[in-house]
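J.: Please construct the entire structure, taking both the sequences and the accompanying hints into account.
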Amino acid sequence: MRLLGFLARRGFQSVFVLLGLSILIFIIARVLPGDRARTALGARAPQWVVDRLREDLHLAQPLVAQYGYWLGDALQGDLGISLVTRRAVTDDIRDFLPASLELVLFSGLITAVGGIGLGILSARHKDTWVDNIIRVFSYMGVVIPSFVAAILLLLLFGLILDWFPSIGRLSEGVPRPPKITGFYTVDSLLAGQFATTWDALKHLVLPAVALALGSLSQEARITRSTMSDNLSKDYIAAGRALGVPERLVTGRFLLKASLIPTVSIFGLDFAATLSNAFLVELIFVWPGISRYGVNAMLRKDLNAISAVILILGITFIIVNILVDLGVGALDPRIRLRGARSD
Amino acid sequence: MTEPLLDIKDLYVQFEVYGGRLEVLDGVNFRVGTGEKIGLVGETGCGKTTTMKAILRILPEPPAVIPRGEITFKGRDVLKMNSAELSKVRGRGISMIFQDPTAALNPVFTIGQQFEPVIRYSSPQNRRLSRREIREKAIVSLQEVALADPERLLDSYPLQLSGGMRQRVCIGMALATHPELLIADEPGTSLDVTIQDQVLRLLRELVEEKHTSVILITHTLGVVRETADRVYVMYAGNMVEVAPTPKLFANPLHPYTQGLMQAVPKLTGGGVAHGIPGRIPDYLSPPSGCRFHTRCPHVMDICRREKPPFFSVDGGHQVACFLYDKSPEARRDEAVAA
Numbered sequence: 016m017r018l019l020g021f022l023a024r025r026g027f028q029s030v031f032v033l034l035g036l037s038i039l040i041f042i043i044a045r046v047l048p049g050d051r052a053r054t055a056l057g058a059r060a061p062q063w064v065v066d067r068l069r070e071d072l073h074l075a076q077p078l079v080a081q082y083g084y085w086l087g088d089a090l091q092g093d094l095g096i097s098l099v100t101r102r103a104v105t106d107d108i109r110d111f112l113p114a115s116l117e118l119v120l121f122s123g124l125i126t127a128v129g130g131i132g133l134g135i136l137s138a139r140h141k142d143t144w145v146d147n148i149i150r151v152f153s154y155m156g157v158v159i160p161s162f163v164a165a166i167l168l169l170l171l172f173g174l175i176l177d178w179f180p181s182i183g184r185l186s187e188g189v190p191r192p193p194k195i196t197g198f199y200t201v202d203s204l205l206a207g208q209f210a211t212t213w214d215a216l217k218h219l220v221l222p223a224v225a226l227a228l229g230s231l232s233q234e235a236r237i238t239r240s241t242m243s244d245n246l247s248k249d250y251i252a253a254g255r256a257l258g259v260p261e262r263l264v265t266g267r268f269l270l271k272a273s274l275i276p277t278v279s280i281f282g283l284d285f286a287a288t289l290s291n292a293f294l295v296e297l298i299f300v301w302p303g304i305s306r307y308g309v310n311a312m313l314r315k316d317l318n319a320i321s322a323v324i325l326i327l328g329i330t331f332i333i334v335n336i337l338v339d340l341g342v343g344a345l346d347p348r349i350r351l352r353g354a355r356s357d
Numbered sequence: 018m019t020e021p022l023l024d025i026k027d028l029y030v031q032f033e034v035y036g037g038r039l040e041v042l043d044g045v046n047f048r049v050g051t052g053e054k055i056g057l058v059g060e061t062g063c064g065k066t067t068t069m070k071a072i073l074r075i076l077p078e079p080p081a082v083i084p085r086g087e088i089t090f091k092g093r094d095v096l097k098m099n100s101a102e103l104s105k106v107r108g109r110g111i112s113m114i115f116q117d118p119t120a121a122l123n124p125v126f127t128i129g130q131q132f133e134p135v136i137r138y139s140s141p142q143n144r145r146l147s148r149r150e151i152r153e154k155a156i157v158s159l160q161e162v163a164l165a166d167p168e169r170l171l172d173s174y175p176l177q178l179s180g181g182m183r184q185r186v187c188i189g190m191a192l193a194t195h196p197e198l199l200i201a202d203e204p205g206t207s208l209d210v211t212i213q214d215q216v217l218r219l220l221r222e223l224v225e226e227k228h229t230s231v232i233l234i235t236h237t238l239g240v241v242r243e244t245a246d247r248v249y250v251m252y253a254g255n256m257v258e259v260a261p262t263p264k265l266f267a268n269p270l271h272p273y274t275q276g277l278m279q280a281v282p283k284l285t286g287g288g289v290a291h292g293i294p295g296r297i298p299d300y301l302s303p304p305s306g307c308r309f310h311t312r313c314p315h316v317m318d319i320c321r322r323e324k325p326p327f328f329s330v331d332g333g334h335q336v337a338c339f340l341y342d343k344s345p346e347a348r349r350d351e352a353v354a355a
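Line order of the protein sequences matches chains W and A. Note that my numbering gives residue 278 to position 263 of the first sequence, counting from 1, and the numbers run on in steps of one. Note that my numbering gives residue 70 to position 53 of the second sequence, counting from 1, and the numbers run on in steps of one.
I should point out that these hints are in silico values taken from the structure, not numbers from a laboratory. Mixed in with the good hints there might be a few duds.
[Claimed, not checked] With the C-beta cut set under 8 Å, the calculated list includes, among others, these residues of chain A facing chain W:
id: 1; residue: Lys70
id: 2; residue: Pro134
id: 3; residue: Ser139
id: 4; residue: Asp318
[As the list claims (entries may be wrong)] Label-pair restraints from in silico Cβ distances:
id: 5; chain 1: W; residue 1: Leu283; chain 2: A; residue 2: Pro79; range: 46 to 54 Å
id: 6; chain 1: A; residue 1: Ala163; chain 2: W; residue 2: Arg262; range: 32 to 40 Å
id: 7; chain 1: A; residue 1: His315; chain 2: W; residue 2: Tyr154; range: 51 to 59 Å
id: 8; chain 1: W; residue 1: Tyr154; chain 2: A; residue 2: Leu301; range: 48 to 56 Å
id: 9; chain 1: A; residue 1: Val281; chain 2: W; residue 2: Lys141; range: 41 to 49 Å
id: 10; chain 1: A; residue 1: Gln215; chain 2: W; residue 2: Gly26; range: 44 to 52 Å
id: 11; chain 1: W; residue 1: Gly26; chain 2: A; residue 2: Glu33; range: 52 to 60 Å
id: 12; chain 1: A; residue 1: Ser100; chain 2: W; residue 2: Ile182; range: 50 to 58 Å
id: 13; chain 1: W; residue 1: Gln91; chain 2: A; residue 2: Ala165; range: 54 to 62 Å
id: 14; chain 1: A; residue 1: Ser100; chain 2: W; residue 2: Leu283; range: 38 to 46 Å
id: 15; chain 1: A; residue 1: Arg144; chain 2: W; residue 2: Gly26; range: 43 to 51 Å
Quantities reported herein were computed from a predicted structural model and do not represent experimental measurements. Beta carbons are placed, not taken as given, at the ideal position from N, Cα and C, and that holds for glycine.
T.: So this is what it looks like as structure tokens:
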């Protein structure tokens, strides 16, 4: 019940966030110099065609009215036509977003498992060689930008060792799975094409690892420091003093108390990954939304830019809600405070 | 005395820090007999809690190091135990109530979740109990410490309880293992005086009822007087005096104990409390000889050179101070000095 209330409240708040975001997007797209109709049609289009388009786009009307039309269309799922692909922006997104989401989710999985795992390992073996290696590794992970990691991984594992395919989502000749979720791994599993699943997974590894490296290192560092801080807390000593077995004291009891900061940072990092993915997508020729967005920016493809920003905004909102849920599930102090303010 | 329950001999504990080692415990000798109630007094930072944590082996090692000493519990040296043996001592052998109940409870687990493993691992029989049965036992423990509505308490988080309730929960947990020896580290210090008084009264009743041996750490001499059979006085990592409670209060021998007694404000007689000048020495480079010599009003040459051993004065009254050295050599020295 409390959960439903929380979701309803956050959903309601999100509407306003999105509304604000839409106004921002709309204004940014309109304050840019130049005639949008002319830009869209090109210099050689006859004037009457341009005038027609101006009318269609309601460009002569006041900005507020224009926003009304734009919002109405957007709510109906019409975000306009992309100048670059000459297709409906929503169709583009339907094609490109799943590729990015699959990549980002997979890299999120690597971040969570690897980061928390290394953090625990590091804290357990604090100040030993294990800890030192992990710390050096995570310092490097934090400072090396994901595109450098991407290139290094591509060269080493893609070209020199040739363990993983280096570009695209599938190898040539591998049948594409039918489109259900847009995630090749999931769709091929659903369709029973296990060879395709394997191939898609192999294609995911390098870009996902490249993308995960930074936040993974950050998670490992945070998990380590929180755990070793908490290890000197009285409740750990008290658990031991009362005969609670060590595996529970430093497992269950320490872990739950220590993962709270990790989860919040993970959420922030995860949402940012989607927008930071473009260089990695570029390097691995990954047909994702991030690359699409950057291309749109370079070409002043306003409809596409607006759509991508909107998608990123929505992702941030969803991830934030999930993180708050996760942190609330771990930490009664936050959960109960939330309930009290109802 | 018969075989003591707990016997600490010549215990040293040091902490590795940047720039050296803190020599905190400096040859501590300490005994608790079966069924005995021991008071342990001394100012903050003198090593009381460190000694207690060493007994349970819950000092963080590193940075803590125990280079020397023996901690014998029921005839076996805790310092030589492996983790399986240790886990039999912790909880059912010795359990502990911590100074600050808020810090001693894990903030992200309910009281019930924290009670469960404590009861489950306190005896081989309990390990086979169902959750429901463990819960029943936890409820009994909470009722013992006079907490109302234990069912609801078990499902509450520490932050939903008051300080006094948390302290009671901690006492309940520490007694739920039916320990032979209970260490109570300044219970209630973080609470207001009336609650503290209630908590101590409750604790006294419970250990009386269960015939548990107790080590009660406190700053408050009054509490010791009411509770303890014998009192140890600790200063800067050394036990400086031990005596049966009435003897210690009637005739404090160590200059530090005397200072401690004078530092207590009296309600009658209009006496003003006198503090002991100076403060506890730096453990990085503690004073040579008797660690109290820097603050002692009766300091002699030998105090700066040598560490005083325990001198027996009479019937269980011992004091680590050269003023009470009645050996032939000491008397000769006195004669020479005269």
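J.: Each hint: holds or not?
T.: Hints, verified against the model:
no. : hint                            : in the structure
1   : Lys70                           : holds (7 Å)
2   : Pro134                          : holds (4 Å)
3   : Ser139                          : holds (6 Å)
4   : Asp318                          : violated (42 Å)
5   : W:Leu283 x A:Pro79: 46 to 54 Å  : violated (34 Å)
6   : A:Ala163 x W:Arg262: 32 to 40 Å : holds (34 Å)
7   : A:His315 x W:Tyr154: 51 to 59 Å : holds (57 Å)
8   : W:Tyr154 x A:Leu301: 48 to 56 Å : violated (32 Å)
9   : A:Val281 x W:Lys141: 41 to 49 Å : holds (43 Å)
10  : A:Gln215 x W:Gly26: 44 to 52 Å  : holds (48 Å)
11  : W:Gly26 x A:Glu33: 52 to 60 Å   : holds (53 Å)
12  : A:Ser100 x W:Ile182: 50 to 58 Å : holds (52 Å)
13  : W:Gln91 x A:Ala165: 54 to 62 Å  : holds (60 Å)
14  : A:Ser100 x W:Leu283: 38 to 46 Å : holds (39 Å)
15  : A:Arg144 x W:Gly26: 43 to 51 Å  : holds (46 Å)
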